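Asks: With this note's numbering applied, the sequence shown covers 1 to 395.
Hints were generated in silico from the structure; no laboratory data involved. Since the structure is predicted, the reported quantities are computational estimates derived from the model, not experimental observations. For glycine and all other residues, C-beta sits at the position ideal for the given N, C-alpha and C. Check each hint, because a few of them may be wrong.
[As the list claims (entries may be wrong)] Label pairs and their computed distance ranges (CB to CB):
1. PRO50 - PRO266: 37 to 45 angstroms
2. SER236 - GLU171: 51 to 59 angstroms
3. GLY111 - MET74: 45 to 53 angstroms
4. ARG172 - SER355: 27 to 35 angstroms
5. PRO266 - LYS198: 12 to 20 angstroms
6. GLU332 - ARG66: 40 to 48 angstroms
7. GLY56 - ILE200: 48 to 56 angstroms
8. PRO50 - LYS354: 19 to 27 angstroms
9. VAL132 - GLU258: 19 to 27 angstroms
10. ILE109 - MET135: 49 to 57 angstroms
11. LEU269 - ASP22: 56 to 64 angstroms
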Amino acid sequence: METLNNQPVKILQVCAIDFSVDRLLKPLIKESMKQGYEVHNACADTGLFPQLQAEGFTMINMPIERKISPMSNMKTVRAFVSLMKKEKYDIVHVHTPVAALLARLAAKIAGQKNVIYTAHGFYFHDDMSPKVYRMFYEIEKHAARRMTDWLLLQSTEDYQLAINDRFCPKERTIHLSNGVDIWSKFNREVVKAPNLRKEIGIAEEDIVFTFIGRLVREKGVFELLHAFNRLHKEKSNVKLVLIGGLLDSERDQESFSELQNLLASPGVLHLGFRNDTPELLSISNVFVLPSHREGLPRSIIEAMGMNLPIIASNIRGCREEVFPNRNGFLFEKENVEELYNSMKTLADDEDMRKSFSIQSRKIAEELFDEQKVLAKQIELFDTLTKEVGLYEKTV
């Protein structure tokens, strides 16, 4: 895509770390490039830059503290200002709370037009103290009102809150939803892994519960392991597959020893970070996400695309994807007893698992098709780079 003076239309995508580019933004970046946009991606390099660059991505190393740290944050803001003034981006699209805030502040200083913020889940949440909640609520609201041209929300609950509390003009607030590739990637008709169960030590008759995510307390992994240990004592043919690990920057040292002991429990298979998620889901029977907070989790959508029943905590995001007694169960977060009961019910009832699996796929096709989500964003990019927006600046 080109402007009137034959310069490419340039988009800057911003997030905290390269892991988010790889696991979160890659489909949008690829689709934008396919549509003719030049896309730059600014984030901290944690080791994935060579891989992403080999895939044709333009990566800009932008060290970003993932917390409020005034000295470091202002250094990041200055770096963003310099980058924006140099590259003269037509659109700046920001993600992840702290990186999004710093980049939007820089955009304001640099006079950047067409600033889009996708909230994958507002940073404030019900587990915070009222004082902390109010602080982050006000930061999000102020940034949306003063430094954001378009606000995109994945969660319906976040969207309704933003509309009701007037974060941004209604006509510039979009319910984006979330999606994955449910046709060529997360599709049981396509994915075949006939020997994978045997390779990782799972018998054909075993009932496999699978979790995907960082192994940190806020993901509910401790409750999951305790509930599973109880279930395994009653049913030796259940297995728990854990996909994911601890990023060095996020390791909870206090919990690490306890976690290591739980991971050594019978029936638990910790596989670490993997690149064969669809195949691992294809050999699973139930997907579990016991998080304490989420935005609109992709992992559940991936599992639904693979026809899996879902057990998830009753929190924002999860309850938009899991419909109790239709495609799975919701349990109150941190409640080991409820989680255990949900796991036991599905372990004992094959017919229920089959019914829920069919509904999961139907819901994924109806609500969480990645192509529909990408189309909304490309349509916005196209609208912003038509005559009124882009040509005005380039002629």
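Asks: Could you run down the list of hints and mark each one as holding or not?
Replies: For each hint, the structure was consulted:
1. PRO50 - PRO266: 37 to 45 angstroms: Given range 37 to 45 angstroms: holds, Cβ gap about 39 angstroms.
2. SER236 - GLU171: 51 to 59 angstroms: Holds, since SER236 and GLU171 (Cβ atoms, about 58 angstroms apart) stay within the stated range.
3. GLY111 - MET74: 45 to 53 angstroms: violated (18 angstroms)
4. ARG172 - SER355: 27 to 35 angstroms: The hint (27 to 35 angstroms, Cβ to Cβ) is violated, given that ARG172 and SER355 are roughly 41 angstroms apart.
5. PRO266 - LYS198: 12 to 20 angstroms: Hint holds: Cβ distance 19 angstroms, inside 12 to 20 angstroms.
6. GLU332 - ARG66: 40 to 48 angstroms: violated (29 angstroms)
7. GLY56 - ILE200: 48 to 56 angstroms: With Cβ atoms ~32 angstroms apart, the hint is violated.
8. PRO50 - LYS354: 19 to 27 angstroms: For PRO50 and LYS354 the Cβ distance comes to about 44 angstroms; the hint is violated.
9. VAL132 - GLU258: 19 to 27 angstroms: holds (26 angstroms)
10. ILE109 - MET135: 49 to 57 angstroms: 23 angstroms Cβ-Cβ, so the 49 to 57 angstroms window is violated.
11. LEU269 - ASP22: 56 to 64 angstroms: violated (24 angstroms)
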